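K.L.:
For reference, the chains in residue letters:
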Amino acid sequence: MRAGFVVVAMVLSLFGARLVQLQGVDPHQYAAMAAAEGSVSVILPAERGDILDRNGEPLADSIDGLMVVADPSLTSADAPRLAAFLSHRLDVDYLVALRRLREPDSRFQYIARQVPAAKARDVVAAAEDKGFRGLFTREDPVRTYPARDVGANLVGFLGTPRKDGSTRPLAGLETSFNRYLSGHDGEARYQVGASGSRIPLGDNTVDEPRDGQDLTLTIDRDLQWYCQQVLAQAVKSSRGDSGLATVMDTRTGEVLCLADYPTYDASRPDLSPESLYSSRALTDPYEPGSVEKALTMAGLLDAGKVTPRQKYKVPGQLLRQDRPINDYFEHGTIKLTLAGILAKSSNIGTVMAADTYGRGQLRSYLEKFGLGKRTGVGLGGESPGILPDGSMWTSQTGDRIAFGQSLSVTGLQMTAAINTIANGGERVDPSLVRGTATLDDGTTVGTGVANRERVVSEEAARQTSEMMERVLDPEEGVAKGAAVPGYRVAGKTGTAQRVVDGVYDGSFSVSFAGFAPADDPRFTAYVVVHNPRNGGGGGSVGGPAFAKIMGYALRRYAVPPTGTPPSRLPITW
Amino acid sequence: MSSPAPQRRTRLAPHLAGAAVGRARLAVVPRLRSRAPRVPFVVLVSMLLLTGVVGLLLFNTSMQQASFTAARLEDQAEVLAAREQALTLQLEEMRNPTEVARQACALGMVIGPPAAFLDLRTGTVEGKPGAADASTPAPCPGAARPAAQRGVR
Chain A
80 MRAGFVVVAM
90 VLSLFGARLV
100 QLQGVDPHQY
110 AAMAAAEGSV
120 SVILPAERGD
130 ILDRNGEPLA
140 DSIDGLMVVA
150 DPSLTSADAP
160 RLAAFLSHRL
170 DVDYLVALRR
180 LREPDSRFQY
190 IARQVPAAKA
200 RDVVAAAEDK
210 GFRGLFTRED
220 PVRTYPARDV
230 GANLVGFLGT
240 PRKDGSTRPL
250 AGLETSFNRY
260 LSGHDGEARY
270 QVGASGSRIP
280 LGDNTVDEPR
290 DGQDLTLTID
300 RDLQWYCQQV
310 LAQAVKSSRG
320 DSGLATVMDT
330 RTGEVLCLAD
340 YPTYDASRPD
350 LSPESLYSSR
360 ALTDPYEPGS
370 VEKALTMAGL
380 LDAGKVTPRQ
390 KYKVPGQLLR
400 QDRPINDYFE
410 HGTIKLTLAG
420 ILAKSSNIGT
430 VMAADTYGRG
440 QLRSYLEKFG
450 LGKRTGVGLG
460 GESPGILPDG
470 SMWTSQTGDR
480 IAFGQSLSVT
490 GLQMTAAINT
500 IANGGERVDP
510 SLVRGTATLD
520 DGTTVGTGVA
530 NRERVVSEEA
540 ARQTSEMMER
550 VLDPEEGVAK
560 GAAVPGYRVA
570 GKTGTAQRVV
580 DGVYDGSFSV
590 SFAGFAPADD
600 PRFTAYVVVH
610 NPRNGGGGGS
620 VGGPAFAKIM
630 GYALRRYAVP
640 PTGTPPSRLP
650 ITW
Chain B
39 MSSPAPQRRT
49 RLAPHLAGAA
59 VGRARLAVVP
69 RLRSRAPRVP
79 FVVLVSMLLL
89 TGVVGLLLFN
99 TSMQQASFTA
109 ARLEDQAEVL
119 AAREQALTLQ
129 LEEMRNPTEV
139 ARQACALGMV
149 IGPPAAFLDL
159 RTGTVEGKPG
169 AADASTPAPC
179 PGAARPAAQR
189 GVR
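Protein chains in written order, with the working numbering: chain A, 80 to 652; chain B, 39 to 191.
Keep in mind that the hints are not guaranteed to be accurate.
As the list claims (entries may be wrong) - Computed cross-link-like contacts, DSBU-like style, restricted to lysine-lysine with a CA-CA straight-line distance of at most 35 Å: (1) A:Lys559 with B:Lys166; (2) A:Lys390 with A:Lys447; (3) A:Lys209 with A:Lys242; (4) A:Lys315 with B:Lys166; (5) A:Lys559 with A:Lys414; (6) A:Lys390 with A:Lys414.
What the hints contain is simulated information worked out from the structure, not anything from laboratory work.
From a predicted model like this one, the values you see are computed outputs, not experimental measurements.
Just chain A, with the same shape it has in the complex (with noise of 0.2 Å):
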């Protein structure tokens, strides 16, 4: 009796002692075990919010997508039918799905990423049905990219996602707002029966996935697509490297369309090299030339030190301190005005009339222009342009600054400070994104925060467009190919000397900035072509595209002509 007691006393205190170990040492850990236990919990992807154009019209778009995988262990058997079978169904190559569902030693081999769910689902279903047995399938959200190249300089895409399932964006604007896009991921936990199916009334948590916001940019997906084709005929037929087309809507600074050629698919950004990823109408400065000239004149009648008419008569070279300064078309001595110095785009006039501007004054007005400092559309790898200050800009580089060699713009640059005069001297900041939308570094971009600046005043702003319409004059103007018929548009025309690899090359930069209806504008369009190697200059190369561009714009938005006579400014005295 005593020694049952002892017996029934020590299982009882090995009982005690297994409860202090389990209550008192580690609980948290058991507790964890008994709720992992026919516990279950799944990651709800959030959707990815769409990029979309300013009509809605989708530019990037995600799908429900699945990755088909194999288990080796399964599939070698049978390989080369399925092998066949896959090759024929999923667009994959034979040879690597044949290695990759015989290869040794492994559980889990990817044989499709990326796949529609609708596709995927059919695929393995299709291989069921014929008996092959080991394929399976799971989460793996694709990004689809309806317009393909159209906008991809602007896009980006994103690349295979990684391994543990989150995106990898590679380029453009899939990359400066990927947080902004992405969301964030929910959770749900359930406890499973035996067969894996959920139990009713069991624990179940659920945390919402929140999906990512959608991108709306003020890019218009037609006209961009249009621009795209205008540029990359005007590169072509001119047989140039590179070029660059935009369009802005003048009063509210949207950029309708910003094209770059070559550029790439945007579905299958694989086929193109890394190169043209970027935007480089924003990544790569170059000279503007002639083009700057409209802005130097406009700062010359903001600070009241010329007129229109104000004559000079421009010699036909001009020698200062470091060499000479010529025009680009041999001449005497001609008596010009200043109108006459812009529509001839003379280089010696610039820099005579450009004498009377005081120290460093032109330099403040280029810069408010928004010359030398980055727009901040929301692209990353955007360039600041050189604008050269303090002991870099002595008196010589000050001349080639006037007529817009010695400095360096991007395409958007350009296109904006060209857009201050079109809006009445009033530079509005040039966005991409409709209403607002926030980096990846906490920057707020968009419409909805551009800033405007008075730049020059809105009489100096109406003489210099009045002066810039004289350029496209029939007889006396060098741009006769960039008028659109019926509107009255003011312009200029650029032919810059490259600078490649730190040296000038010997090609140049053609290029057309305009916009219409001069006394009305609408929109501010600009086309550069890089190294034309047709001996054309931005009259006969930028000029025609700018043109179809401009028109089509016009037509595009019903913008009736102003019916007023155009200006007729004398050239010469």
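Here the structure of chain A is known, so what remains is to put chain B in place on it, guided by the hints.
P.N.:
For chain B alone, kept in the frame of chain A given last:
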């Protein structure tokens, strides 16, 4: 309350009264221990219990069944959503400006000339209308490639 109904009091004869008293003497009624039958109660309780258990079982089964149905319908919804997305994708591919332009070009359409605007208030025509000119080299893009699915990279 209304007033009580009038009662007629009758005086009985004395011999009748004695007999009545004799008849009315009370006696203790033998206590009858009537035992309520237990069987129906037990049956009732058992029935209730059984019904409860069976009901719970049926309820649980139907919940489980509903859960299966829900899972099946969810799957179906997912498949249908995926199908819809695939069709939307196909539609977007067809609406892509390059594709639209290619088809328009194939039909011989060209980009229009400058339009004219008719001002209804003044009856004036602004702008110079012109006929579309098929000889102007309009951009005519090549055939868009069919959608290719990305392989493993």
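K.L.:
Would you mind marking each hint as holding or not holding in the structure?
P.N.:
We went through each hint and held it up to the structure:
no. : hint                   : in the structure
1   : A:Lys559 with B:Lys166 : holds (18 Å)
2   : A:Lys390 with A:Lys447 : holds (28 Å)
3   : A:Lys209 with A:Lys242 : holds (31 Å)
4   : A:Lys315 with B:Lys166 : holds (30 Å)
5   : A:Lys559 with A:Lys414 : holds (22 Å)
6   : A:Lys390 with A:Lys414 : holds (7 Å)
When the structure is compared with the earlier hints, no violation turns up for any of them.
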